[in-house]
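Below, each chain spelled out in residue letters.
Number of protein chains: 2
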Amino acid sequence: MVGTVKMVIAVRKDLDLGKGKIAAQVAHAAVLCALKAEKFQKKLFAEWIRTGQKKIVIRLDNADALLELKKKIDTMGILTEAVFDAGHTQVEPGTLTCIGIGPVEESDIEPVTGGYPLL
Amino acid sequence: MVGTVKMVIAVRKDLDLGKGKIAAQVAHAAVLCALKAEKFQKKLFAEWIRTGQKKIVIRLDNADALLELKKKIDTMGILTEAVFDAGHTQVEPGTLTCIGIGPVEESDIEPVTGGYPLL
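One line per chain: the protein sequences are H and G, in this order.
The opening position of the first sequence corresponds to residue 140 in this note's numbering, with each subsequent residue numbered one higher.
The opening position of the second sequence corresponds to residue 140 in this note's numbering, with each subsequent residue numbered one higher.
By construction, these hints were calculated from the structure, which means they are not laboratory data.
Model, not experiment: these values are computed from the prediction.
The reader is advised that the hints may include incorrect statements.
Straight-line distance between alpha carbons at most 35 Å, and here's what the computed DSBU-like set of lysine-lysine pairs gives [said to hold, decoys possible]:
no., chain 1, residue 1, chain 2, residue 2
1, H, K181, G, K209
2, H, K175, H, K211
3, H, K181, G, K182
4, G, K209, G, K178
Okay, chain H solo, but in the shape it has when bound (with noise of 0.2 Å):
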């Protein structure tokens, strides 16, 4: 029995991007995320995309606060994407700007990223 199926993207919010640039850094975490869950997680891939393909997006303060969350959802066997942007435009190359999470059951990752404020 599975239960809600969601991604969850964390975007940092001290780098000031444009709302295109945000949406690109996260449309590029969410594909890293489903391209690698396809293959490796296809219970849970399955059924996100049999869901509508739930995504949350939260705000975390910076670089550090997004990887200590990677760190986190590492150990716990989710998976888990960094995206550094190519910096062509409005960061230096290699900025981490977000990260992806999932596919993952809601309740595995809710008291996680829960608390965090949506973006």
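On the provided structure of chain H, position chain G as indicated by the hints.
Just chain G, lined up with the frame of chain H:
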């Protein structure tokens, strides 16, 4: 010989969505297009992934403008996907929010979408 390959996501600007909501919708379009391309446009997909998943996000006036653009893209045989929001939060269920285009060769899509402003 393949030139620059990118994905274009076109967003409605008349909906007044929040940053996080826009990002989630754009990500939805990107995932739909990526998964479809992975199956049906293997060469473009591989090149797009290899070169770092280039994406640009543009804005159009309203749903009619999006649908008109989508129709044009369809007739060109370029991959495109529409995103209709489930409407749990900021919009009515079934609202068209954005369309994804590609991955596609820049030289094929630029004449059609190059004139629209970035989001």
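Tested hints:
Simply put, K181/H and K209/G have alpha-carbon atoms about 31 Å apart, close enough for the 35 Å limit, and the pair holds. With a C-alpha separation of about 19 Å, the suggested pairing of K175/H with K211/H holds against the 35 Å cut-off. Restraint check for K181/H and K182/G: satisfied, since their Cα atoms lie roughly 24 Å apart, inside the 35 Å limit. For the proposed pair K209/G and K178/G, the alpha carbon gap of about 20 Å is at most 35 Å, so the pair holds.
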